[in-house]
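Using my numbering, the letters of the sequence shown map in sequence onto residues 1 to 509.
No wet-lab data here; the hints were simulated from the structure. For clarity, every value in this text was computed on a predicted model and none was experimentally measured. Any given hint could turn out to be false.
Here are the simulated lysine-lysine pairs, DSS-like style, with alpha carbons at most 25 Å apart [unchecked claim]:
#1 K173 / K257
#2 K341 / K286
#3 K396 / K226
#4 K429 / K397
#5 K429 / K226
#6 K340 / K397
#7 K295 / K257
#8 K343 / K257
#9 K279 / K343
#10 K286 / K257
#11 K340 / K61
#12 K429 / K340
#13 K340 / K286
Per label pair, the in silico range of CB-to-CB distance [what the hints assert, rightly or not]:
#14 N65 / Q213: 40 to 50 Å
#15 D435 / G233: 14 to 24 Å
#16 A149 / H476: 13 to 23 Å
#17 I106 / Y412: 41 to 51 Å
#18 N65 / L133: 34 to 44 Å
#19 D371 / D401: 19 to 29 Å
#20 Q305 / H476: 39 to 49 Å
#21 W163 / R310: 49 to 59 Å
#22 Y453 / T308: 31 to 41 Å
#23 E166 / C104: 16 to 26 Å
#24 G169 / F92: 17 to 27 Å
#25 E199 / Q305: 28 to 38 Å
#26 A149 / C104: 36 to 46 Å
By construction, the Cβ of each residue, glycine as well, lies at the ideal position given by its N, Cα and C atoms.
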Amino acid sequence: MTKSSANKSVNGEVCHHATNGLKPGKNGFVKNRYFDQKQQHKYRYPEEKDHHIDCNGGLYKRPFNESFEETPMLVAVFTYMGYGILTIFGYFRDFLREWKIEKCNIASERDEQKDFVPLYQDFENFYNRNVYLRIRDSFNRPVCSVPGAKMDLVERVSNDYNWTFEYTGKVLKDIINLGSYNYLGFAENTGRCSEAAAEVTKKYGVGVSSTRQEMGNLGMHEELEKLVAKFLGVESAMTFGMGFATNSMNIPALVGKGCLILSDELNHASLVLGARLSKSTIRVFKHNNMQSLEKLLRDAIVHGQPRTHRHWKKILILVEGIFSMEGSIVRLPEIVALKKKYKAYLYVDEAHSIGALGPNGRGVVDYFGLDPQDVDVMMGTFTKSFGSAGGYIAGKKELIDYLRTHSHSAVYATSMSPPVVEQIITSMKCIMGEDGTTYGIQQVRQLAENASYFRRRLQEMGFIIYGNNDSPRRSHDALHASETQCVWAGDAEEEHWGGGGWVPSNAHH
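Let's have the full structure, built from the sequences with the hints guiding it.
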């Protein structure tokens with residue numbers, strides 16, 4: 001890791017100097033923007049209301065409405081009570097099975113598995129057997145069609161309480177798809193994208209079988225990177241074959257020992273893993289809480305590193321554009337203002353927002369009308385809106401040039417498959433309107449309308465829905481495992497199906 005320093009000036013501001021591609025931006029704040037908060041908005045943390053409205057009221061030019069509905073006390077009590085009873089009876093029945101008193105062996109491992117080394121610790125294995133196993137038939141449903149608006153599911157049954165499954169040979173046709181990340185419908189087997197990918201496959205094959213540093217650098221790879229930079233409005237960009245690795249392998253190249261990472265508590269597992277691998281000091285702030293973030297920034301500047309109290313080499317703020325599990329949108333104008341005020345760096349993961357948010361579909365920066373130069377490191381994936389695979393890092397040319405030689409994902413990973421690259425190029429040009437049509441931007445607007453309607457109707461029906469009104473990501477909170485089973489098991493019968501996530505789906509810091 002290249003060494004850098006932080007010097008404190010007379011006025012108390014900290015200036016960071018780094019030669020690893022990250023440089024502090026100029027002083028100044030974003031232009032004033034109107035901020036409106038509905039009175040009935042419920043804040044997750046009581047101190048957020050006064051802070052966001054009084055201190056940062058000028059940063060927004062449109063209403064910013066998010067809801068994190070608090071669970072009613074009675075519901076919470078019964079939920080905890082249900083899990084408590086389940087745990088007590090589960091351990092009691094395990095005890096009875098050990099003494100051959102309990103004859104029902106639904107939650108016990110099969111005889112042929114007992115000679116294998118355990119994959120889980122006893123506590124994890126307990127919930128795997130007594131909770132997950134009972135509703136396993138609702139998870140991992142086999143799909144046998146394109147993940148479009150409707151899809152086909154393979155019917156399966158279990159005769160040993162979900163330990164194994166058998167396929168009946170029947171297919172459930174035209175199930176409404178509520179759980180796919182195919183936001184704009186580009187991941188289809190018909191249309192311009194699939195035709196372009198098929199033509200490229202005939203010419204280049206399905207793989208390059210080499211890294212970008214050796215013989216795997218095709219002209220279409222460079223074309224894609226130039227297109228991504230143009231799409232985002234930045235100097236340069238580079239692409240990677242795996243979205244998860246784009247975070248986990250690039251963050252360690254940007255920060256290391258002596259650096260501080262300030263991470264949102266609800267960040268994706270790939271961000272958490274990348275932060276851990278960097279061996280930087282990690283401090284977590286409350287979700288979307290600018291008061292919590294500013295306190296950590298102040299403490300970091302005042303106290304410096306533990307024990308030595310030296311200045312931090314770099315301070316990096318990690319956030320997501322749209323948080324994957326909750327569907328909330330990052331308060332980017334406020335974070336940019338804090339980042340400039342305290343001379344920190346900002347890393348934004350736009351896996352769910354790029355292509356799906358903003359008037360031009362260019363993500364959360366476009367959504368708030370900010371300057372892309374205000375974000376030091378722009379990250380995103382091609383797996384959602386573009387219907388493909390892989391990810392990108394974008395920013396200043398100096399940053400990208402540094403990562404090309406220092407990122408493990410860039411140096412050692414195999415190049416992106418040609419048809420995958422062509423799929424991204426075609427879909428991105430469609431969103432930008434470079435294909436001569438308005439189909440792409442119409443899909444972006446239709447997604448916003450559908451998401452708004454879906455959220456409004458669910459709320460009218462009494463469901464607990466988290467996140468921002470403008471987010472394409474909708475999360476329904478099913479508090480108990482039995483409720484989860486009732487919702488998912490009936491989905492296919494009602495000819496609709498949505499994917500489920502088991503908390504915590506994201507890794508803890």
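Status of each hint after checking the structure:
1. With a C-alpha separation of about 54 Å, the suggested pairing of K173 with K257 is violated against the 25 Å cut-off.
2. For the given pair, K341 sits about 19 Å from K286 by alpha-carbon distance, which is consistent with the 25 Å threshold.
3. Between K396 and K226, the direct Cα distance comes to roughly 13 Å. Compliance with the 25 Å bound is thereby established for this hinted pair.
4. The straight-line distance between the Cα atoms of K429 and K397 is roughly 22 Å, inside the 25 Å bound, and the hint therefore holds.
5. Between K429 and K226, the direct Cα distance comes to roughly 12 Å. Compliance with the 25 Å bound is thereby established for this hinted pair.
6. With a C-alpha separation of about 20 Å, the suggested pair K340 and K397 falls inside the 25 Å cut-off, and the hint holds.
7. With a C-alpha separation of about 22 Å, the suggested pair K295 and K257 falls inside the 25 Å cut-off, and the hint holds.
8. For the hint pairing K343 with K257, the CA-to-CA distance comes to about 19 Å; that is within 25 Å, so the pair holds.
9. Taken as a hint, the K279 and K343 pair is honoured in the structure, with Cα atoms around 21 Å apart against an allowance of 25 Å.
10. A threshold of 25 Å between alpha carbons decides the hint, and for K286 with K257 the separation of about 24 Å falls inside it, so the pair holds.
11. Taking the CA atoms of K340 and K61, the gap is about 20 Å. The hint holds against a cut of 25 Å.
12. Taking the CA atoms of K429 and K340, the gap is near 33 Å; set against the 25 Å cutoff, the hint is violated.
13. Only pairs whose Cα atoms come within 25 Å are accepted, and K340 paired with K286 is accepted, the gap being roughly 20 Å.
14. Between N65 and Q213 the C-beta distance comes to about 47 Å, which sits within the given range of 40 to 50 Å.
15. As the Cβ distance of D435 to G233 is approximately 19 Å, the hint placing it in 14 to 24 Å holds.
16. For the pair A149 and H476, the beta carbons lie near 19 Å from each other, so the given range of 13 to 23 Å is met.
17. Taking 41 to 51 Å as the suggested C-beta distance range, the pair I106 and Y412 conforms, at roughly 46 Å.
18. The supplied range of 34 to 44 Å is met by N65 and L133, whose beta-carbon atoms lie about 40 Å from each other.
19. In this structure the supplied range 19 to 29 Å holds for D371 paired with D401, their Cβ-Cβ distance being about 22 Å.
20. Taking the beta carbon of each, Q305 and H476 are about 43 Å apart, inside 39 to 49 Å as hinted.
21. In this structure the supplied range 49 to 59 Å holds for W163 paired with R310, their Cβ-Cβ distance being about 56 Å.
22. The hinted range of 31 to 41 Å is not satisfied by Y453 and T308, whose Cβ atoms lie roughly 55 Å apart.
23. Between E166 and C104 the Cβ separation comes to about 22 Å, which falls inside the hinted range of 16 to 26 Å.
24. In this structure, G169 and F92 break the distance hint of 17 to 27 Å, their C-beta atoms being roughly 40 Å apart.
25. The beta-carbon spacing between E199 and Q305, approximately 55 Å, falls outside the hinted interval of 28 to 38 Å.
26. The hinted range of 36 to 46 Å is satisfied by A149 and C104, whose Cβ atoms lie roughly 43 Å apart.
The structure shown violates the earlier hints numbered 1, 12, 22, 24, 25.
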